[in-house]
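**Student:** The sequence shown maps to residues -28 to -1, 1 to 278 in mature numbering (1 follows the signal peptide of the UniProt record, and there is no 0).
Calculated directly from the structure, the hints in this document are not laboratory data. A quick note: this is a predicted structure, and the numbers were derived from the prediction, not measured. Using N, Cα and C, we set each Cβ at its ideal position, and we do this for glycine too. Mixed in with the good hints there might be a few duds.
As the list claims (entries may be wrong) - Computed cross-link-like contacts, SDA-like style, restricted to lysine to any residue with a CA-CA straight-line distance of at most 25 Å:
| no. | residue 1 | residue 2 |
| --- | --- | --- |
| 1 | K274 | A119 |
| 2 | K130 | G168 |
| 3 | K73 | N26 |
| 4 | K272 | G260 |
Unchecked claim - Pairwise CB distance ranges, derived in the manner of DEER restraints:
| no. | residue 1 | residue 2 | range |
| --- | --- | --- | --- |
| 5 | A199 | A108 | 22 to 32 Å |
| 6 | N26 | A178 | 23 to 33 Å |
| 7 | R196 | G247 | 13 to 23 Å |
| 8 | L139 | G41 | 15 to 25 Å |
| 9 | A30 | V194 | 17 to 27 Å |
| 10 | G146 | Q265 | 41 to 51 Å |
| 11 | S211 | A178 | 33 to 43 Å |
| 12 | P18 | A273 | 16 to 26 Å |
| 13 | S153 | D276 | 30 to 40 Å |
| 14 | G136 | D224 | 47 to 57 Å |
| 15 | V174 | S153 | 47 to 57 Å |
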Amino acid sequence: MGKLALCSAKAKLLALALLAVAAATAVAVVVAGSRTDQPSSPPPAPPKCGGAVNTGAANCEPQLWVPTGTSNASMACYAYGGPSDPCALTVTNDADAGRTKDPSGCAADTFFLWDEPETQGETYEWAASRWLVYAASFAAQIGALRARGVRFTTPMLKADNASGRLLRFWSACGAPCSNESSPAYIDIVAVNPFCGVWNLPVGTAAACRNGAAFVLNDLRPVLRGRAVYVTNWGYLGSSTAAAQLAAMDATDAFFVDGSPVARVYWFGATDYGGGTTNNFLDRTVESGDRAGQTLGAIWKAKCDSL
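Please take these sequences and the hints and turn them into a complete structure.
**Tutor:** This is the structure:
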């Protein structure tokens, strides 16, 4: 083979090699690009269940997550405000009802306004006025919380005439509470619809289901498109863990088709004034076919079924 032919062959081989390298590089870029462009996995769905525990975020672990074998990812916690719970305002546990409480420390997905203002000697009009002032004072911090998905509730409503109480709050709060660009915007309606002896037949899951349906039907016309959190659920006035099962078993009534309820919190805290005992999630059922099981284990199983 002549020198000219040899050089020509070598040039062709070099060109082919360069083409192969370029092709491989292009494939690698495309593959890498496709990996980068693939949508990330969707975030986990917000929990449908949670628990109300005694005052202070430190109680979430022993009173909710340990008894249910869960964490804040699957069981939301409401801890009644106070200095160590930055996610709630309360009349009784926060100085000056939380007027100067910085919300930016809240690491949960919800910020709660005051628990049943009338029970604490205030009104829903008072709560609306206080909220407007608070939201204006902490607008920047509230904006940062909203940017990461934190939602803000109404004050918790007593369930007898819940619609009337909610209307009073809406009226006093005015446009800011329904303006999504306002720091005072309200995302969630919070209500405390306990079951009890006023629900008939007394002590049955059927009675508690009827009570749940009654409260939701009362609220629907005045929700203004908001979702609902049931912030206290349990059997009020009972003295045994076994009696709590009527309410626990009826939790599914809040999640029927078309229900506005997004979450239910078990009332696993000290009851001041209602006479309820043995409602904590670490309590053991004393009698019946679930004797020996804890309320926490039963609550976890119920929530998993929703």
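**Student:** Now tell me if each hint is right for this structure.
**Tutor:** Structure-based check of each hint:
1. K274 with A119: 32 Å, violated
2. K130 with G168: Roughly 14 Å separates the two Cα atoms, so the pair holds.
3. K73 with N26: 19 Å, holds
4. K272 with G260: Status holds; Cα separation ~19 Å.
5. A199 with A108: 22 to 32 Å: Holds - the Cβ-Cβ distance for A199 and A108, about 25 Å, lies within 22 to 32 Å.
6. N26 with A178: 23 to 33 Å: With a Cβ separation near 31 Å, N26 and A178 satisfy 23 to 33 Å, so the hint holds.
7. R196 with G247: 13 to 23 Å: Cβ of R196 to Cβ of G247: about 35 Å, so the range 13 to 23 Å is violated.
8. L139 with G41: 15 to 25 Å: Between L139 and G41, where Cβ atoms are some 41 Å apart, the hint is violated.
9. A30 with V194: 17 to 27 Å: 36 Å, violated
10. G146 with Q265: 41 to 51 Å: 48 Å, holds
11. S211 with A178: 33 to 43 Å: 21 Å, violated
12. P18 with A273: 16 to 26 Å: 20 Å, holds
13. S153 with D276: 30 to 40 Å: 38 Å, holds
14. G136 with D224: 47 to 57 Å: 27 Å, violated
15. V174 with S153: 47 to 57 Å: 48 Å, holds
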